[in-house]
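Protein chains in written order, with the working numbering: chain Z, 98 to 738; chain V, 29 to 363.
Hints are computed from structural coordinates only; laboratory data are not their basis.
Keep in mind the model is a prediction, meaning the values are calculated, not measured.
There's no promise every hint is true.
Unchecked claim - Restraint ranges, calculated between C-beta atoms of paired labels, are given here:
1. Z:Ala-216 to V:Ala-82: 36 to 42 Å
2. V:Thr-126 to Z:Pro-543: 50 to 56 Å
3. Z:Ser-276 to V:Ala-216: 36 to 42 Å
4. V:Lys-206 to Z:Val-407: 52 to 58 Å
5. V:Ser-69 to Z:Ser-425: 27 to 33 Å
6. Z:Ser-425 to V:Asp-54: 40 to 46 Å
7. Z:His-444 to V:Ser-69: 38 to 44 Å
8. V:Pro-361 to Z:Lys-193: 32 to 38 Å
9. V:Gly-305 to Z:Arg-226: 43 to 49 Å
Unchecked claim - Pairs of lysine-lysine, DSS-like flavour, derived with a Cα cap of 25 Å:
10. V:Lys-206 to V:Lys-104
11. Z:Lys-193 to V:Lys-67
12. V:Lys-178 to Z:Lys-431
13. V:Lys-178 to V:Lys-206
14. V:Lys-309 to V:Lys-64
15. V:Lys-64 to Z:Lys-193
16. V:Lys-190 to V:Lys-104
17. Z:Lys-590 to Z:Lys-475
18. Z:Lys-710 to Z:Lys-431
Using N, Cα and C, we set each Cβ at its ideal position, and we do this for glycine too.
Next come the chains, spelled out residue by residue.
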Amino acid sequence: MLKPAKRRNILVFITALIAGAMSLRAAEAPVSLADADIARRFQARRAAVLEKSLGNIVPGDPAKGGFFDVAACLQLGRQREAALARLAVINEPMPKENMFWMYPMATVMVAGREGLDAASWARIQELWRIYWPSRGDTENHWCIYYTSLYLAAQSFPGAGPEQWFNGRSSAENMAEARSYLEHWMQIATSYGQGEYDSPNYIEEYVTPMCLLAGWAQDASLRHKARLMLDYVLYDYVVESLDGYYGGAHSRVYPRQVVAPALTPVSALGWLLFGFGEPQPNGTVQLVALSGYAPPPILERIARDRDRPYVERELKRTRWRLRHAGPDSFAIGDKRTVPVYKYTYVDHDFVLGSSQGGLLQPIQQQTWSLIWRTDKGLKSANTFFGTQPYSSPLEGTMFFGGDWDTVTDLIARSKADYDSEDKLPGGSPYEQVFQHGTALIALYDLPEHNRFPHITTFFSRDLTRTTEDASGWIFAQGGPVYIAYRPFAAGEWKPNDWTGLLRNGAGGFISTGFAEWGTGHRCYVSGARRNGYVVQVAPVREFASFEKFQQAVRALPLRFSTQAAPEATFTALDGRVLHARYGAKPTVDGAPVDFAHWPLFDSPFGHAERGSQKLVISHGAERYLLDFEHNLGQQTVVPTAP
Amino acid sequence: MKTRCILLVFLALAAGGWAAGPAAPDRFFAALAMTKAQKNSSTPADSGLYLRDAQGAWQHYGPRILGVAGLAVHPKDPNVILIASADGVVRSADGGRTWRKTTGWEVADVRSIVFELATPGRAYAATAWGPLRSTDSGATWQLAQAGLPKLYSQAVLADRAKSGRVLLGTEDGIYLSKDAAQSWSRVASSPATTVLRLAQSGADPRLLLAGSQGRGAWLSHDSGRTWAPTDAASAAANLYAVALSPHDPAAMAVGGWGAGVRVSADGGRTWTDRTAGLPVKNVFVLAFDPGVKGRLWASTFEEGTFYSDDLGRTWQDGGLYGAYGFDFIFVPPAR
Numbered sequence: 098m099l100k101p102a103k104r105r106n107i108l109v110f111i112t113a114l115i116a117g118a119m120s121l122r123a124a125e126a127p128v129s130l131a132d133a134d135i136a137r138r139f140q141a142r143r144a145a146v147l148e149k150s151l152g153n154i155v156p157g158d159p160a161k162g163g164f165f166d167v168a169a170c171l172q173l174g175r176q177r178e179a180a181l182a183r184l185a186v187i188n189e190p191m192p193k194e195n196m197f198w199m200y201p202m203a204t205v206m207v208a209g210r211e212g213l214d215a216a217s218w219a220r221i222q223e224l225w226r227i228y229w230p231s232r233g234d235t236e237n238h239w240c241i242y243y244t245s246l247y248l249a250a251q252s253f254p255g256a257g258p259e260q261w262f263n264g265r266s267s268a269e270n271m272a273e274a275r276s277y278l279e280h281w282m283q284i285a286t287s288y289g290q291g292e293y294d295s296p297n298y299i300e301e302y303v304t305p306m307c308l309l310a311g312w313a314q315d316a317s318l319r320h321k322a323r324l325m326l327d328y329v330l331y332d333y334v335v336e337s338l339d340g341y342y343g344g345a346h347s348r349v350y351p352r353q354v355v356a357p358a359l360t361p362v363s364a365l366g367w368l369l370f371g372f373g374e375p376q377p378n379g380t381v382q383l384v385a386l387s388g389y390a391p392p393p394i395l396e397r398i399a400r401d402r403d404r405p406y407v408e409r410e411l412k413r414t415r416w417r418l419r420h421a422g423p424d425s426f427a428i429g430d431k432r433t434v435p436v437y438k439y440t441y442v443d444h445d446f447v448l449g450s451s452q453g454g455l456l457q458p459i460q461q462q463t464w465s466l467i468w469r470t471d472k473g474l475k476s477a478n479t480f481f482g483t484q485p486y487s488s489p490l491e492g493t494m495f496f497g498g499d500w501d502t503v504t505d506l507i508a509r510s511k512a513d514y515d516s517e518d519k520l521p522g523g524s525p526y527e528q529v530f531q532h533g534t535a536l537i538a539l540y541d542l543p544e545h546n547r548f549p550h551i552t553t554f555f556s557r558d559l560t561r562t563t564e565d566a567s568g569w570i571f572a573q574g575g576p577v578y579i580a581y582r583p584f585a586a587g588e589w590k591p592n593d594w595t596g597l598l599r600n601g602a603g604g605f606i607s608t609g610f611a612e613w614g615t616g617h618r619c620y621v622s623g624a625r626r627n628g629y630v631v632q633v634a635p636v637r638e639f640a641s642f643e644k645f646q647q648a649v650r651a652l653p654l655r656f657s658t659q660a661a662p663e664a665t666f667t668a669l670d671g672r673v674l675h676a677r678y679g680a681k682p683t684v685d686g687a688p689v690d691f692a693h694w695p696l697f698d699s700p701f702g703h704a705e706r707g708s709q710k711l712v713i714s715h716g717a718e719r720y721l722l723d724f725e726h727n728l729g730q731q732t733v734v735p736t737a738p
Numbered sequence: 029m030k031t032r033c034i035l036l037v038f039l040a041l042a043a044g045g046w047a048a049g050p051a052a053p054d055r056f057f058a059a060l061a062m063t064k065a066q067k068n069s070s071t072p073a074d075s076g077l078y079l080r081d082a083q084g085a086w087q088h089y090g091p092r093i094l095g096v097a098g099l100a101v102h103p104k105d106p107n108v109i110l111i112a113s114a115d116g117v118v119r120s121a122d123g124g125r126t127w128r129k130t131t132g133w134e135v136a137d138v139r140s141i142v143f144e145l146a147t148p149g150r151a152y153a154a155t156a157w158g159p160l161r162s163t164d165s166g167a168t169w170q171l172a173q174a175g176l177p178k179l180y181s182q183a184v185l186a187d188r189a190k191s192g193r194v195l196l197g198t199e200d201g202i203y204l205s206k207d208a209a210q211s212w213s214r215v216a217s218s219p220a221t222t223v224l225r226l227a228q229s230g231a232d233p234r235l236l237l238a239g240s241q242g243r244g245a246w247l248s249h250d251s252g253r254t255w256a257p258t259d260a261a262s263a264a265a266n267l268y269a270v271a272l273s274p275h276d277p278a279a280m281a282v283g284g285w286g287a288g289v290r291v292s293a294d295g296g297r298t299w300t301d302r303t304a305g306l307p308v309k310n311v312f313v314l315a316f317d318p319g320v321k322g323r324l325w326a327s328t329f330e331e332g333t334f335y336s337d338d339l340g341r342t343w344q345d346g347g348l349y350g351a352y353g354f355d356f357i358f359v360p361p362a363r
């Protein structure tokens, strides 16, 4: 006889399998994109997530389960006593996770409000009084900090200064939090996010916006958060393929940069749009609890890959405290630099890039290629390059730390930051230019650069890698052919050639290395003046791999690394691309117009810089997100039946 | 008889200040983060203010906040205390019993905070996002950015000798305000680099010392109007620590990354390396102990705090192993 908890877990598993199978089928065969069907599938996945959460709380064993499991039990009115017992255990020690404690705690408070008992409320209120959580130093930190503070204060409406860790009343905390959150929304929808398009950190924006959209008592803020959720998720789906987030990213961890299926965004992609496999985590649980359902137009866009398109986006760097540089501009009293994103989205792949340079202090991915795959969580369906760089200049540009310690302290948590075999990271000596399916990367490294080489990542998932006598290296990544032409010779090395991550450095960032980190290799070139051309094409467009190679070999290419690195390349689409290090690139002789780069632009959406408005389109359908006018500006014009 | 009485009063004053009995020692705070134990984490094992007790042990003081860089106590009202932290300015009005953040979301990364001695209601803060000023003892704050082309600031000093005169260490050298931080102008002779620390002599208020990033130590003999480099041996160093003796205007010290501790006993004419005896050459804080004449305190990066009673010839263990020190603060007893 199975115990009730075990029976429930089996049921949950079966439910998740069904949901997973539904999503698998979705990838293989056309799925209905009618509103009702999208909603029905989403609700099935949501129910599976919540049911699994309930199973994580075990009556009689208060050592199991987390905040979100507790919240699920309390919200659904199931296993209340066990959930409260677990909560008492979780809340016993003094918290230490700062803002990462705040939002799970706030989730329990708002989602489980009706189910919490007096003792739980007393301890929760005491913790908010005695524990001073740090606000942190990133955009995502502040977003989750102020959202959590807002909702916690909302839960204690009359609490005075003496009842809060920071000596401010509930009313004061709510006012400060709201002011920041509205400022953040205004900046993000006018100039782009600073921590943009992160397959990892998108969850730290989805999470707070779900919290506000689900539980803010103020209707205006609740509505605005809902719009912001739609905004952030549109930003994702328009550059996604089967749930994988393609293109250039502000931040991505070493595990996820080689295994896109393991990103938090892929977990969200399953819940919200039915891509990939279920990957339960706190964010997925919170989204399920919040009651948020994405507007159907987002899934329609996410699945519409019949025609290739170009997505251009304007983002910005994280605020630059020091060494802002001549290319910076001020927003209020803070300085930043524009980030010009260009992404080519095909039925079978996504190739995307930013212009290079120091756009983030850590974990930047300047360009990447991903492709459609059926390998699931074990896939390594990506190809990209980097110039490993770390420096106190970069650290002090974005952090308030000291010149001589900032690199060391960054590497205490991001171990790969200061390693020569790092894979994510920006470089001031890298310039990237993309048009269509071709990309030119140029490098001009100073003599005493800390890591004087460039690295191109060749995944274990690539097949038929061929070093051609012409100088091109050809490979195939599932349904995409890749041609890579290095300007200077390099050598093949295993990824993680220092053994840093393999040997466990960095704690959680190394976890599971044997599964995701082995079998890859890198092409490493030590020439200071360097570069490469990447040309990709869908397999379906060529009769054979050899035909692709013949076509690429025939493409005119001139490059030089004698002075400033320079290349002129006629791409497969016939366009003549020219790039010179330090100069504006051209297409068919015309300089790229960065001055009028839109906030968003593709067949699926458009936003002008500074507008606070985004028009999302699919067919005849329009969805306007208007952040300038607080309420009532959401309009949907559905396709005619 | 009259002469003897005057002499007795003088001796009493010399021995114990104005108080009737023996003077209480200064309270000695260290602002720090315990980074040595920070493994696979973006946050230190502990942080905030530590107060040294009578037995020489360090006790955590005040709220546990990340990024505490300094502390200031109101010159007239010791109940009013300001903490410079990464989260903003945190203030107590009741001697540390309760605390309140007095800045909004716009303020972060406060690196230095001071009260003005001549007009104690005024307080100033240097932050990574630009300086702040307060005219109500830190209860509220205003941005103080007029005249600054670059806002990053790391050190602030309120001239003890003149009300409203403030010096600011910025990314672009030293800026001077003569109107209580309502406007700033660059001190032309200051180094064109980030000024990391400023100190004013307790013995001669005209004497100021600055530590800079990559440009070594700079000395001013005219209250900060003009500056000149001092100590050629550390001229290219990042000097995070500077100290001037409150008892002897000729005694001073500088310290930094790889520079160890360097001292001068002749007003900056000559400098001597006094790193021997310290476990590392990476020094972030130096301060002369106002309560113990000639005692110099040094905070190394993660390898402990030390003190010397012979201007660095020998060093004694002062505790706080594992700390990344940001400041030492001596607070005189309430009078």
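**Study point:** Unmet hints by their number, sorted upward, for this structure
**Key:** none
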